[in-house]
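For the record, the sequence lines run as chains A and B.
At position 267 of the first sequence (counting the first as 1) the number is 267 in full-length UniProt numbering, and the numbers step up by one without a gap.
At position 155 of the second sequence (counting the first as 1) the number is 155 in full-length UniProt numbering, and the numbers step up by one without a gap.
Worth flagging that the hints you see were computed from the coordinates, not collected in a lab.
Check before you lean on any hint, since a few could be wrong.
Said to hold, decoys possible - Below, a list of computed lysine-lysine pairs in the PhoX-like style, where the Cα atoms sit at most 20 angstroms apart:
(1) A:Lys182 / A:Lys203
(2) B:Lys126 / A:Lys89
(3) A:Lys266 / A:Lys344
(4) A:Lys154 / A:Lys89
(5) B:Lys173 / A:Lys96
(6) A:Lys238 / A:Lys205
Stated by the list, open to error - Which chain B residues face chain A? A few, computed with CB under 7 angstroms, are given here:
(7) Pro55
(8) Thr56
(9) Gln75
(10) Thr79
(11) Ile80
(12) Arg82
(13) Leu86
(14) Ser134
(15) Ala136
Computed from a prediction, not measured in an experiment: that's the story for all the values here.
For glycine and all other residues, C-beta sits at the position ideal for the given N, C-alpha and C.
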Amino acid sequence: MLALRRVQPWAVGFAQRSATKQVALASTAVDTDGSHSQSSGEPVAPQKHQSRAIRTRRPRISLQHPREWNRPLAFGVLPAFDEALKVIKEDSMALKDEVTALEGAIAREKETPQPDQHALRVMEDRLRILEVQSEINFPQVRWKCANGMADMSKAVDRHLLEQRWRKEGALDLLMERIHQMKVVPDVLPDIHPSLDLRVNFPKVKSDAGLQATVSKTVYERVEPGVFLLPEQTVEPPKIYTTVFHPEERLYTLLMIDPDFPDETNKTFQTYLHWLQPNIPLSSVSPSSVPNLNTHTAYIPPHPQRGTNYHRYTILLLPQHSRLSIHMVAKDKRTGFDVRTFMEKHGLDKNVGGGVHMWREVWSEGVPAVYKEILKTAEPKFGRMPKADRYGDFRGKKRYV
Amino acid sequence: MSVSVLKLNGLPFQLRGLGARLYSTRKGEVSSSDPQKDIIRRHLYPPNIRNKASPTGTWRPDVARALQRAIPSVQAHETIERAWLLHQRHLRKKRDAELQRKFNCMRQAMQELEEIDSRLFREANKQEDPRARSLAEVEAMKSMSEPEKRAVESRVRGLFPRELRIPTDTPPKNGWPNEWRAFQRPLA
């Protein structure tokens with residue numbers, strides 16, 4: 001068991017345990033937009049009888065403010081910790097020997113005239129697992145990944161970040177919202193994201209008055225499923241991704257509104273707001289995705305007055321090869337069918353991808369979108385007037 | 001207040017918070033002098049000093065500080081945990097590998113026996129009925145008393161020995177049974 005010694009609970013005490021849970025929703029990649037991606041708690045005011053407060057604010061460590069890893073406890077303070085480091089180091093060295101041996105075996109197999117593809121694949125899978133296992137137990141590696149200083153060219157860091165995204169709540173929240181808002185059966189039959197897609201829109205400065213004022217410079221992370229104002233979404237969002245594959249793959253970005261009213265059929269249809277194919281993404285490419293408005297221009301969300309809330313969904317679908325897709329004109333955006341589009345261009349939802357969604361409702365900023373960008377009259381929806389049952393009898397004398 | 005911690009469940013509801021204090025008694029005043037006055041006082045002025053953990057543990061303000069002392073570093077704790085699980089995994093793999101090796105050796109041996117001598121192979125594959133009694137045993141049992149018969153029936157080969165002593169912290173009160181002899185089951 002742990003030796004109970006009087007140790008100063010400095011460096012990485014209780015704060016880190018709560019901090020790792022708090023940072024689950026924040027990215028560890030660089031979001032260079034001034035958004036407050038790290039939640040900071042206020043330090044507890046010292047109680048009257050205790051001299052030192054429990055430190056609850058997370059230390060400000062990230063790629064912008066890097067810090068070197070230091071041992072949390074000095075040598076000799078906790079013998080179990082020193083023993084643990086020895087065990088981990090021995091195991092890592094044994095695994096690294098296995099890795100070099102396996103690499104040699106793979107190279108030799110590839111040099112043979114007819115390499116056995118199945119055996120090669122098995123060996124390569126095992127090599128990837130061994131590479132991760134040989135480094136994953138080191139406290140310095142885990143500390144770096146937990147503090148936003150992961151090196152995405154290393155398999156172990158990629159693995160740690162992916163595990164964090166999957167297990168510590170971010171993906172669960174996204175999928176909960178996707179399924180509860182019924183985006184999954186309505187837009188796509190199912191989706192299993194393989195990359196972390198983050199969407200940032202400008203922050204609302206004040207929503208008092210007729211039109212809400214929105215910041216021009218400060219962009220904030222959007223939690224999946226929350227309500228945004230149409231004033232916030234006039235400009236295209238800043239998209240950030242964390243991708244877990246080292247090789248470069250092409251993706252298609254789609255932004256759709258499945259709740260666009262269809263008056264002729266008295267139902268809803270899908271409206272295409274944004275389309276950008278052939279986006280190259282890999283784990284070493286920067287997390288902020290540039291040049292997203294070069295294909296089908298972004299049309300801001302314009303939920304019609306009188307309709308219920310609209311769900312705006314962003315999909316990032318993986319492509320098998322470079323695609324040439326025609327640009328969709330501004331007036332041809334309605335009636336877009338996601339399923340046929342995917343089938344036509346070979347976009348397979350089972351291979352992974354990214355998804356995000358938010359909701360919007362009519363506000364005073366929507367008429368501006370109709371006037372300036374769509375240049376059409378703003379529709380107003382409501383219920384049909386009820387037939388007057390007693391219209392014949394109004395004004396006539398009742399008791400004669 | 002002179003309430004015993006052990007009798008917490010027997011205490012009235014208002015006093016169940018561990019060490020609930022009442023400001024209605026002055027310092028040094030022993031409250032057990034007049035239990036009637038005590039009860040009245042307790043009901044008029046219920047304990048309302050809430051700085052200890054609640055009885056069912058829904059609020060525990062002392063946990064954070066205690067944990068900070070016990071676990072000086074979360075990073076160190078997780079490292080130790082991972083190293084221990086790693087060590088256990090190595091042991092487990094070694095044991096499993098050894099067991100697998102022994103099983104493979106046994107299987108290889110049986111395969112070779114089958115090729116060499118099929119009668120011995122069949123004998124080796126026979127399942128032993130642990131409750132089967134040989135002729136010698138049946139003869140011996142005819143001249144045994146009831147307890148002895150029961151002893152013979154219950155001592156099955158391969159089963160846990162009934163006479164095994166459970167290790168204890170202290171030696172037995174009545175000393176060592178030096179005259180004890182093991183019961184000999186008559187075998188074939």
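Let me make sure I understand: some of the numbered hints might not hold for this structure. Which ones are they, in numerical order?
Failing hints, ascending: 1, 2, 3, 5, 7, 8, 14 and 15.
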